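Taken in order, these protein sequences are the chains called S and R. Number 88 in my numbering belongs to position 88 of the first sequence; there are no gaps in the numbering. Number 273 in my numbering belongs to position 273 of the second sequence; there are no gaps in the numbering.
Derived from the structure by calculation, the hints contain no laboratory data. All values reported here derive from a predicted model rather than from experimental measurement. Quick reminder that beta carbons are idealized off the backbone N, C-alpha and C, glycines included. Mixed in with the good hints there might be a few duds.
[As the list claims (entries may be wrong)] The following label-pair restraints were derived from C-beta to C-beta distances:
1. 38/S x 220/R: 12 to 22 Å
2. 136/R x 25/S: 26 to 36 Å
3. 22/R x 43/S: 51 to 61 Å
4. 194/R x 26/S: 50 to 60 Å
5. 21/S x 217/R: 18 to 28 Å
6. 31/S x 265/R: 34 to 44 Å
7. 38/S x 121/R: 11 to 21 Å
8. 45/S x 255/R: 38 to 48 Å
9. 108/R x 238/S: 29 to 39 Å
10. 179/S x 10/R: 15 to 25 Å
[Unchecked claim] From the derived model, a few chain S residues whose C-beta atoms are all more than 12 Å from chain R:
11. 21
12. 42
13. 88
14. 98
15. 107
16. 108
17. 136
18. 137
19. 138
20. 152
21. 186
22. 229
23. 239
If you want the building blocks of each chain, they are given just below.
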Amino acid sequence: MQAGLESALAELVLGPPVDREGLGALLSRHALGPEERAAIEGAPERFLVYRKLVRNTLRNAVGLAIPRTMARLGPLFDDYFERFLAERGPRTHYLRDVTTELLDFVAPLWADDARVPAWTHDLARHEALEIVVASLGEPVVPRELGPLDAERPLAFIEAARVVHYAFAVHRLPPSEDDRSAPLREPTALFVYRDAEHDVRYLELTPLAAAFVERLLAGESMKAALLGACAGFGTEPSVALSGTAALLSDLSARGALLGQAAAESLRGPAKTSDHRGTLREKGPP
Amino acid sequence: MNEDRRTLPNGVGLGLRWEFLEEVLDGPPLAVDFFEVSPENYMRRGGYYPAALERVLTRYPLVTHGLTLSLGAHAPPDADYLRELTSEVERLATPWHSDHLAFTSAGAQAFHELLPLPFTRDTARRVADRLEALSETLGRPVAVENITYYALPGPTELSEGDFLGELFERTRAGLLLDVNNVYVNAQNHGFDAEQALASFPFDRVVEVHVAGHTHTASGLILDTHGAKVIEPVLALLERALAHTGPVPVLLERDNDVPPLAELVAEVQVIRAVCERAWRAANRSVAVSTQRARADASRA
Numbered sequence: 001m002q003a004g005l006e007s008a009l010a011e012l013v014l015g016p017p018v019d020r021e022g023l024g025a026l027l028s029r030h031a032l033g034p035e036e037r038a039a040i041e042g043a044p045e046r047f048l049v050y051r052k053l054v055r056n057t058l059r060n061a062v063g064l065a066i067p068r069t070m071a072r073l074g075p076l077f078d079d080y081f082e083r084f085l086a087e088r089g090p091r092t093h094y095l096r097d098v099t100t101e102l103l104d105f106v107a108p109l110w111a112d113d114a115r116v117p118a119w120t121h122d123l124a125r126h127e128a129l130e131i132v133v134a135s136l137g138e139p140v141v142p143r144e145l146g147p148l149d150a151e152r153p154l155a156f157i158e159a160a161r162v163v164h165y166a167f168a169v170h171r172l173p174p175s176e177d178d179r180s181a182p183l184r185e186p187t188a189l190f191v192y193r194d195a196e197h198d199v200r201y202l203e204l205t206p207l208a209a210a211f212v213e214r215l216l217a218g219e220s221m222k223a224a225l226l227g228a229c230a231g232f233g234t235e236p237s238v239a240l241s242g243t244a245a246l247l248s249d250l251s252a253r254g255a256l257l258g259q260a261a262a263e264s265l266r267g268p269a270k271t272s273d274h275r276g277t278l279r280e281k282g283p284p
Numbered sequence: 001m002n003e004d005r006r007t008l009p010n011g012v013g014l015g016l017r018w019e020f021l022e023e024v025l026d027g028p029p030l031a032v033d034f035f036e037v038s039p040e041n042y043m044r045r046g047g048y049y050p051a052a053l054e055r056v057l058t059r060y061p062l063v064t065h066g067l068t069l070s071l072g073a074h075a076p077p078d079a080d081y082l083r084e085l086t087s088e089v090e091r092l093a094t095p096w097h098s099d100h101l102a103f104t105s106a107g108a109q110a111f112h113e114l115l116p117l118p119f120t121r122d123t124a125r126r127v128a129d130r131l132e133a134l135s136e137t138l139g140r141p142v143a144v145e146n147i148t149y150y151a152l153p154g155p156t157e158l159s160e161g162d163f164l165g166e167l168f169e170r171t172r173a174g175l176l177l178d179v180n181n182v183y184v185n186a187q188n189h190g191f192d193a194e195q196a197l198a199s200f201p202f203d204r205v206v207e208v209h210v211a212g213h214t215h216t217a218s219g220l221i222l223d224t225h226g227a228k229v230i231e232p233v234l235a236l237l238e239r240a241l242a243h244t245g246p247v248p249v250l251l252e253r254d255n256d257v258p259p260l261a262e263l264v265a266e267v268q269v270i271r272a273v274c275e276r277a278w279r280a281a282n283r284s285v286a287v288s289t290q291r292a293r294a295d296a297s298r299a
């Protein structure tokens, strides 16, 4: 009976709103005993308190993560939030991860909805990154921090990712009242958590992004450079100084742990830096 | 459980909130005997908060109080979650871990809210078995908290007190007695809080929670942890502590969190209630002992 009770209350709490007639139909869809059914039908308003509580909790968690996206979409966001709850619902034990589940769910739906601006998902992902990267695992200190060896992989902190957007959403003003549209511009960011636990962004060129992604995936410096250059038809010798400068920069920021290797590289920095505005807000 | 209780923090503690975490870390020592944390906020993650919690642990005792175990659900607790929880309680060296007498999931879906269980023997058996398994998995004692229920999903085979009796006959787990929840349930369902409380198994209480609540326009009281503890709840606390003797008492404040100084002042109010109750309990024990001795000498 507990399983039937759970599924009935899940539909009542997460599903579309129901009136008294609808409640009868809803309860009929679940394996409830007569006493359980009578308890819910006898005091539906009391059970609907849970609907409000659950929704408030989940919505507040999402609101902390992607406030600008929610403000820009307005009631349209509410519609999609309702669909997420009704059609999938949160699965995670961790409230901080509900936003990621929501964004995974809405990605294909927003892509097909002309009412949702094309940059919306990029903006939501970018906002959500603050909490995602703030929560990533601790640095894994490499067993060996030997001298530069182009044939071996480099070690990065755990809290580091390369993300790609079709729009330059990271340049939008931080205000929730802002309604300007971002430029359509392929964007790659290296996102990491610094020693003070703040989330920072580093804008990368496409070639630099490909190089860092390969390094993060565990390729050696040499393989990453050759692979990235091949992808862009660039001579490795041309890219060498720029990638060396990038590694030096990442090392100085504490994102690249193979410091001894990176420090031996020289060259001018070729990135622009954006510091995250949030450490992390509210309950996770 | 009794032996383990000796190692538990005593006195009056406070639920640790991020709103005042840095004050706890860097400020002068507080008149707070321990802090309680929800491990879900710190586990399976890196970054500032787990690191900060390690520092709190060097200044104050910590206990863990979970939110999403879904103890009473049809399906057993999620294995990945249990693995992560085990690692976290180990990291924090919590003397015991508690969660709620509720279900928080339906199949794969998670509510992030405490939903009520029917007070039946079947439920008591299922929860008792889960508590035993949980204690074994975590390698430490566990406790379960009575919740606020806005509705009871029948059948109501047992009263809450009888349900708890049935449950604790089958498990060595402790009871985390939330007196605000008893009060709120009594108000919302129209029964006498003191009478209900009297039926709780006081000998199994390992910790007590107190909190504030919120009245809604419909007359329903919500267990929001968003206000000061009211006098009737403090009176109920005093009643409960007269039965339990000295156990750790915790103030929960999760919404509309005021400045830390206000919460610490509220902790002192609660401490005064606790000390009065425990003094009375000691006097009562002393009088009983004297009477027993007098009876024995007469005999």
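The hints, checked one at a time:
1. Between residue 38/S and residue 220/R the CB atoms are about 21 Å apart, so this pair conforms to the stated range of 12 to 22 Å.
2. Between residue 136/R and residue 25/S the CB atoms are about 43 Å apart, so this pair departs from the stated range of 26 to 36 Å.
3. Taking 51 to 61 Å as the suggested C-beta distance range, the pair residue 22/R and residue 43/S does not conform, at roughly 44 Å.
4. Checked against the given bound of 50 to 60 Å, the beta carbons of residue 194/R and residue 26/S, roughly 38 Å apart, lie outside it.
5. Checking the proposed 18 to 28 Å range against residue 21/S and residue 217/R shows it holds: the Cβ atoms sit about 26 Å from each other.
6. The beta-carbon spacing between residue 31/S and residue 265/R, approximately 51 Å, falls outside the hinted interval of 34 to 44 Å.
7. Take residue 38/S and residue 121/R: their Cβ atoms lie about 19 Å apart, and the range 11 to 21 Å holds.
8. For residue 45/S paired with residue 255/R, a C-beta distance near 23 Å fails the hint of 38 to 48 Å.
9. At roughly 51 Å, the beta-carbon separation of residue 108/R and residue 238/S lies outside the given 29 to 39 Å, and the hint is violated.
10. Checking the proposed 15 to 25 Å range against residue 179/S and residue 10/R shows it is violated: the Cβ atoms sit about 56 Å from each other.
11. For residue 21/S, the condition that its CB be more than 12 Å from all CB atoms of chain R holds, with the nearest at approximately 20 Å.
12. Once the 12 Å rule is applied to beta carbons, residue 42/S is inconsistent with being away from chain R; the minimum gap is 8 Å.
13. Distance check on residue 88/S: its Cβ comes as close as 8 Å (rounded) to a Cβ of chain R, failing to clear the 12 Å threshold; non-interface status is violated.
14. A cut-off of 12 Å between C-beta atoms contradicts the statement that residue 98/S is not in contact with chain R; the least separation is 8 Å.
15. Under the 12 Å C-beta cut-off, the non-interface status given to residue 107/S relative to chain R holds; the minimum distance is some 20 Å.
16. Distance to chain R confirms residue 108/S as a non-interface residue, since its nearest Cβ pair spans about 20 Å, more than 12 Å.
17. Under the 12 Å C-beta cut-off, the non-interface status given to residue 136/S relative to chain R is violated; the minimum distance is some 6 Å.
18. Against chain R, the non-interface label of residue 137/S is violated: not every CB pair exceeds 12 Å, the least being about 4 Å.
19. Against chain R, the non-interface label of residue 138/S is violated: not every CB pair exceeds 12 Å, the least being about 4 Å.
20. Under the 12 Å C-beta cut-off, the non-interface status given to residue 152/S relative to chain R holds; the minimum distance is some 25 Å.
21. With a cut of 12 Å on Cβ distances, residue 186/S stays outside the contact zone with chain R, its closest approach being about 29 Å.
22. At roughly 33 Å, the least C-beta separation between residue 229/S and chain R is larger than 12 Å, which holds for a residue marked as non-interface.
23. Even its closest Cβ contact with chain R, about 32 Å, leaves residue 239/S beyond 12 Å, as expected for a residue assigned away from the interface.
Violated hints, listed in ascending order, are 2, 3, 4, 6, 8, 9, 10, 12, 13, 14, 17, 18, 19; each of the other numbered hints is respected by the structure.
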